[in-house]
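If you read the protein sequences in the order shown, they are chains A and B. Heads up, the first sequence is in numbering that gives the first Met the number 0, so the first residue is 0 and it goes up one at a time. Heads up, the second sequence is in numbering that gives the first Met the number 0, so the first residue is 0 and it goes up one at a time.
If you are wondering where the hints come from, they were derived from the structure by calculation, not from laboratory data. Fair warning: this is a prediction, and the values are worked out from it, not measured in the lab. Honestly, I wouldn't trust all of these hints.
Claimed, not checked - Label pairs and their computed distance ranges (CB to CB):
(1) Y22(B) - Q21(A): 27 to 37 Å
(2) Q1(A) - L18(B): 32 to 42 Å
(3) V269(B) - S133(A): 47 to 57 Å
(4) E214(B) - L48(A): 36 to 46 Å
(5) V13(B) - L20(A): 36 to 46 Å
Even glycine gets a Cβ: it sits at the ideal position worked out from N, Cα and C.
The residues making up each chain are set out below.
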Amino acid sequence: MQIQYKPRRGWLATIFQIEILQGMALTLKRLFSRPITRQYPDERPQIRLGFRGQHALVRDPATNDCKCIGCMRCAVVCPSRCIRIQSRKGKEPNSRRVIDNYRIEALRCIYCGFCAEVCPVNAIVLTEFYEYSSLDRASLHFTKEQLLANWDQFAAQLDMPADAYVNPFWRPRGFAERDLPAPKRLPVSPEWSGEQQVVGRQWQRYLPPEHA
Amino acid sequence: MDILLMLLWIVILVVVIMLHVAYATYFERKIIGHMQVRLGPMRVGWHGLLQPIADGVKSFFKEDIIPENADRSTFLAAPIICLTAMMTALAVLPFAKGWVLADIDIGLLFIFAMSSLASYGVVLAGWSSNSKYSFLGGMRSMAQVISYEISMGLSLVGVMLLAGSLNLSAIVEAQGDRFLGMYLLPQCIGFFVFFISMLAETNRVPFDLPEAETELVSGYSTEYSGMRYAIFFMAEYIGMMVMASIGTVCFLGGWNGPFPVPFFPPLWFVLKVYLFMFVFIWIRATLPRYRYDQLMGLGWKLLIPLALANIVLTACLKAILA
Numbered sequence: 000m001q002i003q004y005k006p007r008r009g010w011l012a013t014i015f016q017i018e019i020l021q022g023m024a025l026t027l028k029r030l031f032s033r034p035i036t037r038q039y040p041d042e043r044p045q046i047r048l049g050f051r052g053q054h055a056l057v058r059d060p061a062t063n064d065c066k067c068i069g070c071m072r073c074a075v076v077c078p079s080r081c082i083r084i085q086s087r088k089g090k091e092p093n094s095r096r097v098i099d100n101y102r103i104e105a106l107r108c109i110y111c112g113f114c115a116e117v118c119p120v121n122a123i124v125l126t127e128f129y130e131y132s133s134l135d136r137a138s139l140h141f142t143k144e145q146l147l148a149n150w151d152q153f154a155a156q157l158d159m160p161a162d163a164y165v166n167p168f169w170r171p172r173g174f175a176e177r178d179l180p181a182p183k184r185l186p187v188s189p190e191w192s193g194e195q196q197v198v199g200r201q202w203q204r205y206l207p208p209e210h211a
Numbered sequence: 000m001d002i003l004l005m006l007l008w009i010v011i012l013v014v015v016i017m018l019h020v021a022y023a024t025y026f027e028r029k030i031i032g033h034m035q036v037r038l039g040p041m042r043v044g045w046h047g048l049l050q051p052i053a054d055g056v057k058s059f060f061k062e063d064i065i066p067e068n069a070d071r072s073t074f075l076a077a078p079i080i081c082l083t084a085m086m087t088a089l090a091v092l093p094f095a096k097g098w099v100l101a102d103i104d105i106g107l108l109f110i111f112a113m114s115s116l117a118s119y120g121v122v123l124a125g126w127s128s129n130s131k132y133s134f135l136g137g138m139r140s141m142a143q144v145i146s147y148e149i150s151m152g153l154s155l156v157g158v159m160l161l162a163g164s165l166n167l168s169a170i171v172e173a174q175g176d177r178f179l180g181m182y183l184l185p186q187c188i189g190f191f192v193f194f195i196s197m198l199a200e201t202n203r204v205p206f207d208l209p210e211a212e213t214e215l216v217s218g219y220s221t222e223y224s225g226m227r228y229a230i231f232f233m234a235e236y237i238g239m240m241v242m243a244s245i246g247t248v249c250f251l252g253g254w255n256g257p258f259p260v261p262f263f264p265p266l267w268f269v270l271k272v273y274l275f276m277f278v279f280i281w282i283r284a285t286l287p288r289y290r291y292d293q294l295m296g297l298g299w300k301l302l303i304p305l306a307l308a309n310i311v312l313t314a315c316l317k318a319i320l321a
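Generate the whole structure from the sequences, applying the supplied hints.
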């Protein structure tokens with residue numbers, strides 16, 4: 000391995016403290032550069048698809064209830080252990096589990112999106128809504144009803160029918176189509192699936208021309 | 000009548016300086032913000048222009064907390080000592096020809112005395128707060144001010160030799176209104192030493208060890224709150240202005256400029272002081288803090304010998320040329 004050492008300073012560079020002057024030149028250059036601050040309440044960030052905001056349970060139009068089947072995968076995968084599910088067996092044989100309550104402590108959530116990726120029926124989603132601060136803790140401990148209401152609120156402002164909405168996190172990235180369970184084989188844009196997955200700062204390449 | 004007129008001048012000077020101090024904080028926050036690719040204060044007034052006033056009102060109405068185990072009278076006196084000493088130094092500064100409150104012949108010495116007296120306030124604040132952070136901050140300030148006072152005094156001896164006076168107005172007069180008359184060029188070593196000691200004297204980055212917020216919370220002012228904290232802050236900024244003014248008077252030719260300004264003679268002086276303030280802020284945005292032993296090493300092993308060499312050199316040159 001080639002190690003690049005700093006070149007030795009000459010006596011002139013030592014007297015004039017060339018490194019300090021270089022640093023000062025850099026800060027002076029930055030003084031005239033354009034600030035990157037966003038004046039938040041006046042100037043809103045552009046929220047892109049796949050933003051991880053407020054939690055919601057998708058309302059199934061068939062049953063008018065959540066899609067959750069009580070498999071507990073989200074509760075197990077959650078790194079901050081903020082999901083609690085209470086469920087019981089249904090009365091008739093071969094029926095779905097009945098979800099009594101599905102609680103998320105939003106204050107403990109780290110918004111990793113693992114729950115949405117792991118859910119086999121795409122029941123949970125992190126919506127693009129992010130302004131839900133509160134003055135008390137209790138209102139940020141979401142219950143099943145609140146999570147369903149969150150979905151209704153989010154679905155109301157979507158510009159497409161709610162059942163056509165696909166959250167990119169519902170399709171785990173880096174898997175081939177055939178390795179996914181049927182409900183997870185969702186049509187997402189190529190940047191979210193397989194090799195073209197967008198990592199790091201490359202997202203800027205996918206900006207629409209008016210924001211580039 | 001004379002006394003009343005004098006009082007009026009004092010009041011005007013204090014008010015003007017206080018406004019400058021308030022807006023120096025705004026200037027600093029804006030410049031540092033833009034250097035860090037941020038915006039700085041933007042919300043209060045147009046581009047945050049009323050921010051210093053909002054800050055002033057806030058600190059004025061904040062609760063004044065005195066720790067239970069603090070040495071009460073010393074704790075109360077410390078910020079006032081600090082501010083008074085710094086403000087007294089303003090009296091001898093010549094802002095323009097004849098624009099000086101007290102035209103005394105030991106002006107330079109007086110400013111030295113006052114700026115070291117201000118560090119008494121810092122030391123007493125550190126001692127009386129009865130807190131380790133404050134105490135460490137106070138101790139550091141004492142050591143730092145004592146070592147850098149020497150190099151600063153010595154660096155200005157060259158100027159005294161050239162001007163033949165300690166009177167600040169006389170020093171400016173001696174430099175004349177030509178560009179080459181400024182002592183910046185003949186005293187470049189002195190200026191270098193003076194500039195670094197000036198940063199250390201005013202506890203500015205990279206020598207802000209007395210209030211190193213990353214290690215000492217807030218140093219000597221940790222236990223202060225509300226108006227008393229604001230007084231320390233004001234004293235620090237007035238200190239910066241006084242030091243910048245000495246630099247202007249002794250090295251940049253004071254109120255003299257390329258052409259005289261008709262209605263507002265101190266314009267060049269103010270511009271030069273703000274140039275110094277800008278460099279203060281610029282350095283703060285660039286450099287990290289020195290380590291304590293490096294600070295002492297720089298002061299005693301480099302600056303003091305340099306300043307002594309500068310005195311010898313200046314004296315010899317003056318003797319040969321005269």
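Report task. Hint says 47 to 57 Å; check whether the CB-CB distance for V269(B) and S133(A) agrees. Result -> holds (50 Å)
Query raised in the report: Is 32 to 42 Å right for how far apart the beta carbons of Q1(A) and L18(B) are?
Result: violated (58 Å)
Query raised in the report: Would you say the C-beta atoms of Y22(B) and Q21(A) sit inside 27 to 37 Å of each other?
Result: holds (31 Å)
Query raised in the report: Using the C-beta atoms of E214(B) and L48(A), is the stated range 36 to 46 Å upheld?
Result: Holds, since E214(B) and L48(A) (Cβ atoms, about 45 Å apart) stay within the stated range.
Query raised in the report: Does 36 to 46 Å hold as the CB distance between V13(B) and L20(A), or does it fail?
Result: For V13(B) and L20(A) the Cβ distance comes to about 38 Å; the hint holds.
Taken one by one, the earlier hints fail for this structure only at number 2.
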